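Chains as they are written, first to last, in our numbering: chain A, 1 to 516; chain B, 1 to 516.
In short, the hints are calculated from the structure, not lab data.
Being a predicted model, the structure only gives us computed values, none of them experimental.
A portion of the hints provided could be inaccurate.
In this list, chains with the same sequence are indistinguishable; a pair is considered to hold if it fits within one copy or across any two.
In silico BS3-like links for lysine-lysine, alpha-carbon gap of 27 Å or less [to be verified]:
#: 1; residue 1: 505; residue 2: 478
#: 2; residue 1: 473; residue 2: 505
#: 3; residue 1: 248; residue 2: 193
#: 4; residue 1: 478; residue 2: 273
#: 5; residue 1: 378; residue 2: 478
#: 6; residue 1: 378; residue 2: 332
#: 7; residue 1: 193; residue 2: 273
#: 8; residue 1: 473; residue 2: 41
#: 9; residue 1: 505; residue 2: 248
#: 10; residue 1: 248; residue 2: 332
#: 11; residue 1: 478; residue 2: 193
2 protein chains.
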Amino acid sequence: MFAAESLVRTLINQGVEVCFTNPGTSEMHMVAALDRVEGMKSVLCLFEGVATGAADGYARMAGKPACTLLHLGPGVGNGLANLHNARRAFAPVVNIVGDHAVAHAALDAPLTSDVAGVCAPMSRWVGTVRTASEVSTLAVEAVRQSYGPERGVASLILPADCAWSDQEPDVIETVDLPPLRPVSDASIEAAVKALSAAKSPILFLGNDACLEEGLEAAARIAAASGARLFMDTFVPRIARGHGRVSPKRLSYLGSEAIQELAGCDLLLIAGTKAPVAFFAYPGERGEFTPDGAQTLTLGGPADDIIGAMNALAERLGPAEPVPAPERSQMPKIFPDEPLNPGYVGISMSRHMPENSVLCDDATTSGMGVFPWTGAGPKHDWLCLTGGAIGAGMPQAVGAALACPDRQVFALCGDGAAAYTLQALWTQARENLNIINIVFANHSYLVLNFELARVGAGEPGPAAQQMLSLDNPKMDWVKLAEGFGVPARCARTAGEFDAALHAAVKAGGPQVIVAEI
Amino acid sequence: MFAAESLVRTLINQGVEVCFTNPGTSEMHMVAALDRVEGMKSVLCLFEGVATGAADGYARMAGKPACTLLHLGPGVGNGLANLHNARRAFAPVVNIVGDHAVAHAALDAPLTSDVAGVCAPMSRWVGTVRTASEVSTLAVEAVRQSYGPERGVASLILPADCAWSDQEPDVIETVDLPPLRPVSDASIEAAVKALSAAKSPILFLGNDACLEEGLEAAARIAAASGARLFMDTFVPRIARGHGRVSPKRLSYLGSEAIQELAGCDLLLIAGTKAPVAFFAYPGERGEFTPDGAQTLTLGGPADDIIGAMNALAERLGPAEPVPAPERSQMPKIFPDEPLNPGYVGISMSRHMPENSVLCDDATTSGMGVFPWTGAGPKHDWLCLTGGAIGAGMPQAVGAALACPDRQVFALCGDGAAAYTLQALWTQARENLNIINIVFANHSYLVLNFELARVGAGEPGPAAQQMLSLDNPKMDWVKLAEGFGVPARCARTAGEFDAALHAAVKAGGPQVIVAEI
Chain A
1 MFAAESLVRT LINQGVEVCF TNPGTSEMHM VAALDRVEGM KSVLCLFEGV ATGAADGYAR
61 MAGKPACTLL HLGPGVGNGL ANLHNARRAF APVVNIVGDH AVAHAALDAP LTSDVAGVCA
121 PMSRWVGTVR TASEVSTLAV EAVRQSYGPE RGVASLILPA DCAWSDQEPD VIETVDLPPL
181 RPVSDASIEA AVKALSAAKS PILFLGNDAC LEEGLEAAAR IAAASGARLF MDTFVPRIAR
241 GHGRVSPKRL SYLGSEAIQE LAGCDLLLIA GTKAPVAFFA YPGERGEFTP DGAQTLTLGG
301 PADDIIGAMN ALAERLGPAE PVPAPERSQM PKIFPDEPLN PGYVGISMSR HMPENSVLCD
361 DATTSGMGVF PWTGAGPKHD WLCLTGGAIG AGMPQAVGAA LACPDRQVFA LCGDGAAAYT
421 LQALWTQARE NLNIINIVFA NHSYLVLNFE LARVGAGEPG PAAQQMLSLD NPKMDWVKLA
481 EGFGVPARCA RTAGEFDAAL HAAVKAGGPQ VIVAEI
Chain B
1 MFAAESLVRT LINQGVEVCF TNPGTSEMHM VAALDRVEGM KSVLCLFEGV ATGAADGYAR
61 MAGKPACTLL HLGPGVGNGL ANLHNARRAF APVVNIVGDH AVAHAALDAP LTSDVAGVCA
121 PMSRWVGTVR TASEVSTLAV EAVRQSYGPE RGVASLILPA DCAWSDQEPD VIETVDLPPL
181 RPVSDASIEA AVKALSAAKS PILFLGNDAC LEEGLEAAAR IAAASGARLF MDTFVPRIAR
241 GHGRVSPKRL SYLGSEAIQE LAGCDLLLIA GTKAPVAFFA YPGERGEFTP DGAQTLTLGG
301 PADDIIGAMN ALAERLGPAE PVPAPERSQM PKIFPDEPLN PGYVGISMSR HMPENSVLCD
361 DATTSGMGVF PWTGAGPKHD WLCLTGGAIG AGMPQAVGAA LACPDRQVFA LCGDGAAAYT
421 LQALWTQARE NLNIINIVFA NHSYLVLNFE LARVGAGEPG PAAQQMLSLD NPKMDWVKLA
481 EGFGVPARCA RTAGEFDAAL HAAVKAGGPQ VIVAEI
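Isolated chain A (complex conformation) (with noise of 0.2 Å):
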């Protein structure tokens, strides 16, 4: 018996049932204990941010941790970016980094570096067993650092010694985690004051106020007080699809977003905070709210914002029953017409199983993607929170594990999915129920927009050749297909239709490369 074992009995007890595993040497003894204990499900990742990213994925599907479990500096370094992103989400995670033996590390091996410093940026909590018997302890600690209140990731550091000790420490069993934090009913009163002070309020939503209860409510919310209602351009997953309740999402480009909420008095948030641009711009404002709008936060991602905005809807009283959204006539497909990022958003409309879960890394054409599928069957879309590309196709695994039941999708810009297609080797060994689809403009053509929009001035041919992916063009059928993964490519919206209902009627993980 090691420590580990107990460490992993341990998660187990809090819940944790899922570990994305990219092990080496410093990690045997977990690799061991996982494969010694029943409840923990280990799910092999070729790349680390194939691991990190499902972990993400898996939060927020799941609403609790997945665990990792990385190699050393190094190991952690490569899952940085979908931890990034994890922590922009307030997914929880527990990262699980294994390191040199506490006395080797003295002695300076090619692997050694500063495990915890590579942890900290993307961290909330970083944690480092020193011997055996902390192991137990730490590994609680680290649960419960990922609920937060503000949910995140936490990172625990386990040298190999620690690992492999006999001194095998008690299994601790299930422990009260912590809640989200109640909305003050002061703050909720004086949310109630703004809005009937405010003439053309604004309903701002983000993170877990997107999710169905927080929606339906801010609708009630919406119609007790005439506030319009918003939600943030980027986030961790939406409520959507025919007869929910769809808030304006705020426009990515700072010029629209600005205009989107000019004559607003009142900013009222929840869930998130005021919204700022995503990159800065010569002369462009990095704020959005508009000059002399009063900013007032109901609760932000640490808050029980749900509970917080029901309460709200109470106290403003009913209001007229919210009529259900009419079902908008969806637009026909031209079979013949090049595919374009809008035929692939009728078509998922068309053939999504009711819910769907979209894990959107495509940038300009997820953009193109979103107006298409609110009309549909229900699903839940999930977006690039922290903006590192290469978050998709690893998002899916993770949210494919935790809703086995649910057919998921992974929206990725060609130069998004080359950052991870690892992934598609996960998706084909654990035969997941993942349609992957690559937009194919051979391009990071958000560049090419963001180029012009900073003042750089007309790209030459050198620039040109930085922002354009057709020299050569990736295949990506060769590609999927080299991970195990059967693949199709679709140049014509009516040909990309056929696809996605060959494939949703086939199961099973998949690519179609959509020639945009």
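Fit chain B to the given chain A structure using the hints.
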């Protein structure tokens, strides 16, 4: 004109000629500057780990830094593993990381993170530009810091507004860069005394001591003193091949390494430090120096070890001239035999052109190739200095750009190759003379050994699954072709020999899948 242009011109004046890029919005003015300024080649990479690995390979072969261009905290996170390898190779790298405009950082936009914190663990210096006026001075400081005297990674953080400012600072002309530290006469005298007193001395070489001139000096010292020659297990660049001095490479396995050094009473260290175990194992010792042996350091990685060794050889006086080693008889290839790493090594010796560069990222298989190439044509062998797999294909990119007239090989385990396979795209785009040999054992084979070595017991089915890559098997021919690189598969010694011969003749990037 933007400040970014001053930065690029200043870097060029310090001899930085290549930039490995994976830019985003915050780096658009650097992209524009790279476009406008002559003298810096931009090489686009699809993933940051490719950019940093390429910078490592470039530095090892060019003896000077390339720069990178990465995108905020997540971008440099993706590059950390290969920066770790570069750091452990004492390879100079100027790691340029774009960040939000200074005022924008306070808004905590989605991509905001502690960029300096992400850089720090793998950098010997981190500098952050605060105003455009600092751009040129900090660029020079970054280059200077990459030269050390202990060479390594210097990270320069460049906020977008400091790049786009039209307050263009003066371009700085060529400055003197720090030389290696001279070794004192006293140290050389101490070595003379210790060698003459020792009964069984070993001269233990690493880093620059394994370059051609270092090895020649080592041979003269050995001839004059009777010292045996050993080198580190993982050396940044070893000059090898027929006619060259060939020290014994210390075994990776601790039990063998201890055996190899047994009986030595003086370990004279040249360019490195006393050998230690790569990992800790229960009950095994971590330091390999025999008990009672004296350890004396002639010089470490920051020292002019070649100068010191030449001085020591001269001080020891002329020995019998060292006879040129006889060419070993190369074993025959039995063409129908199943392929193994030894056969790959034999074929490499037969077909690789003089002055080839071999980037070894093949752990178990690389160990099997190594002994067979020593009798082949002269070549440089680049080891995985930091133990972070995924180095080989990216390093090959950098080596090929540093040495366009030389044939480059990447030797990659299939597990390792899966980390950074996006490097193949850059190889195709730049039409580099790189033959990638992927050893397809469909397993993290080294971990099967390690699991037993650490005493974690017999692997059960879950553990076996975590070390095995055979479900599904990756199809490396398709993966290579997907990134635009032609590929073929070899299953027997004869097939591999023919494939290698053809690949060398054909030129350009290629993949040979060695099914072993």
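For each hint, the structure was consulted:
1. When the C-alpha separation of residue 505 and residue 478 is checked against a cutoff of 27 Å, the pair qualifies both within a copy, at 22 Å, and between copies, at 26 Å.
2. Taking CA atoms no more than 27 Å apart as the test, residue 473 paired with residue 505 passes between copies only; the shortest distance there is 25 Å, against 29 Å inside one copy.
3. In this homomeric assembly, residue 248 and residue 193 come within 27 Å of each other (Cα to Cα) only inside a single copy, at 24 Å, whereas the closest approach across copies is 81 Å.
4. Taking identical chains as interchangeable, the C-alpha atoms of residue 478 and residue 273 are never at most 27 Å apart, the minima being 43 Å within one chain and 46 Å between chains.
5. Proximity of residue 378 and residue 478 under a CA criterion of 27 Å is satisfied in neither setting, with 33 Å inside one chain copy and 37 Å between copies.
6. Only within a single protomer do residue 378 and residue 332 lie at most 27 Å apart by alpha-carbon distance; the minimum there is 20 Å, versus 67 Å between protomers.
7. When the C-alpha separation of residue 193 and residue 273 is checked against a cutoff of 27 Å, the pair qualifies only within one copy, where the shortest distance is 20 Å, while the shortest distance between copies is 71 Å.
8. Taking the closest pair of Cα atoms, residue 473 and residue 41 come within 27 Å of each other only across two copies (21 Å); inside a single copy the shortest separation is 37 Å, beyond that limit.
9. Taking the shortest alpha-carbon separations for residue 505 and residue 248, neither the intra-copy value of 32 Å nor the inter-copy value of 60 Å comes in at or below 27 Å.
10. In the homo-oligomer, the alpha carbons of residue 248 and residue 332 lie at most 27 Å apart inside one protomer (24 Å), although the nearest pairing across protomers, at 72 Å, exceeds that limit.
11. In this homomeric assembly, residue 478 and residue 193 never come within 27 Å of each other (Cα to Cα): the closest approach is 60 Å inside a single copy and 64 Å across copies.
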